[in-house]
Amino acid sequence: GQQVMQIPQYQHVQEGEDFTTYCNSSTTLSNIQWYKQRPGGHPVFLIQLVKSGEVKKQKRLTFQFGEAKKNSSLHITATQTTDVGTYFCAGNTGGFKTIFGAGTRLFVKA
Amino acid sequence: DAGVTQSPTHLIKTRGQQVTLRCSPKSGHDTVSWYQQALGQGPQFIFQYYEEEERQRGNFPDRFSGHQFPNYSSELNVNALLLGDSALYLCASSYTGVYGANVLTFGAGSRLTVL
Numbered sequence: 001g002q003q004v005m006q007i008p009q010y011q012h013v014q015e016g017e018d019f020t021t022y023c024n025s026s027t028t029l030s031n032i033q034w035y036k037q038r039p040g041g042h043p044v045f046l047i048q049l050v051k052s053g054e055v056k057k058q059k060r061l062t063f064q065f066g067e068a069k070k071n072s073s074l075h076i077t078a079t080q081t082t083d084v085g086t087y088f089c090a091g092n093t094g095g096f097k098t099i100f101g102a103g104t105r106l107f108v109k110a
Numbered sequence: 111d112a113g114v115t116q117s118p119t120h121l122i123k124t125r126g127q128q129v130t131l132r133c134s135p136k137s138g139h140d141t142v143s144w145y146q147q148a149l150g151q152g153p154q155f156i157f158q159y160y161e162e163e164e165r166q167r168g169n170f171p172d173r174f175s176g177h178q179f180p181n182y183s184s185e186l187n188v189n190a191l192l193l194g195d196s197a198l199y200l201c202a203s204s205y206t207g208v209y210g211a212n213v214l215t216f217g218a219g220s221r222l223t224v225l
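Protein chains in written order, with the working numbering: chain A, 1 to 110; chain B, 111 to 225.
Just so you know, the hints here were simulated from the structure itself, not pulled from any lab data. Hints may contain errors.
To be verified - So the derived list for chain B, only partly shown, Cβ under 8 Å to chain A, looks like this:
id	residue
1	Ala148
2	Phe155
3	Gln158
4	Arg165
5	Gln166
6	Asn212
7	Leu214
8	Thr215
9	Gly219
10	Thr223
What the hints assert, rightly or not - With a straight-line Cα cutoff of 30 Å, these simulated DSS-like cross-link-like pairs (lysine-lysine) come out:
id	chain 1	residue 1	chain 2	residue 2
11	B	Lys136	A	Lys36
12	A	Lys57	A	Lys70
13	B	Lys136	A	Lys51
14	B	Lys136	A	Lys56
Just so you know, these numbers come straight off a predicted model, no measurement behind them. Just so it is clear, CB atoms sit at the ideal spot from N, CA and C, and this is done for glycine as well.
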């Protein structure tokens, strides 16, 4: 069945360093979303990418969707302690089921 | 504008028992999806309800069932509870429009512990 894989599983950074998480799907995606879950919280929608090669920015966050629509990345520039949490990618292949990756947990040391 | 509300927040059951979890979607949303999130894992899709019918299901046994009401609220029922059913159960609502129902708004979840 469809799988969405994320790497790395964990990332420890010093505040001010950059951070990137990668997402790969076993099948072509119709779209991909990114969510953030703070410790003890619930996933919160960040962004959706739909077009091949699409790049979107939200302040210090940059999201990319691969040309083949099978991979995506989230890059955070100059991390802050408020960036702590788990970042999930989630994809759809045209049906109604959204498949989540296992997430990348980000730790930021002040 | 109320977000997604779930109840109960926490509950403890014993093996073999049955549980019902409830969800009220965000105002304006018509679609409800249920997810199971084990500790340290990503949310796993259980099923999605739209127009009071289950329109897609994940790889979960028939012990997991659901319902959607005319006001779009939803219930998740789990029968014959197993220890492995212990998890955070997340309800996510969305709007089924031209671009599908992909953008999910999650509730805070119901933490189920099975002893």
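Hints and how they fare:
1. Hint status for Ala148/B relative to chain A: violated, with the closest Cβ pair at about 10 Å, above 8 Å.
2. The interface hint given for Phe155/B is met, as the beta carbon of that residue sits about 5 Å from the closest beta carbon of chain A, less than 8 Å.
3. Using the Cβ-Cβ criterion of 8 Å, the hint placing Gln158/B at the interface with chain A is satisfied: the shortest such distance is roughly 5 Å.
4. The interface hint given for Arg165/B is met, as the beta carbon of that residue sits about 6 Å from the closest beta carbon of chain A, less than 8 Å.
5. Checking Gln166/B against chain A by beta carbon gives a least distance of about 4 Å; that is within 8 Å, so the hint holds.
6. For Asn212/B, the interface hint holds, the least distance from its beta-carbon to any beta-carbon of chain A being 5 Å, beneath 8 Å.
7. Nearest Cβ of chain A to the Cβ of Leu214/B: about 6 Å, under the 8 Å cut. The hint holds.
8. Nearest Cβ of chain A to the Cβ of Thr215/B: about 7 Å, under the 8 Å cut. The hint holds.
9. A hinted interface residue such as Gly219/B counts as satisfied when its beta carbon comes closer than 8 Å to some beta carbon of chain A; here the least separation is about 5 Å, so the hint holds.
10. Because the smallest distance between the Cβ of Thr223/B and any Cβ of chain A comes to about 16 Å, over 8 Å, the interface hint for this residue is violated.
11. Only pairs whose Cα atoms come within 30 Å are accepted, and Lys136/B paired with Lys36/A is accepted, the gap being roughly 19 Å.
12. For the hint linking Lys57/A to Lys70/A, the alpha-carbon distance of about 20 Å falls within 30 Å, and the restraint holds.
13. For a cut-off of 30 Å, the pair hint linking Lys136/B to Lys51/A stands: about 27 Å separates their Cα positions.
14. For the hint pairing Lys136/B with Lys56/A, the CA-to-CA distance comes to about 26 Å; that is within 30 Å, so the pair holds.
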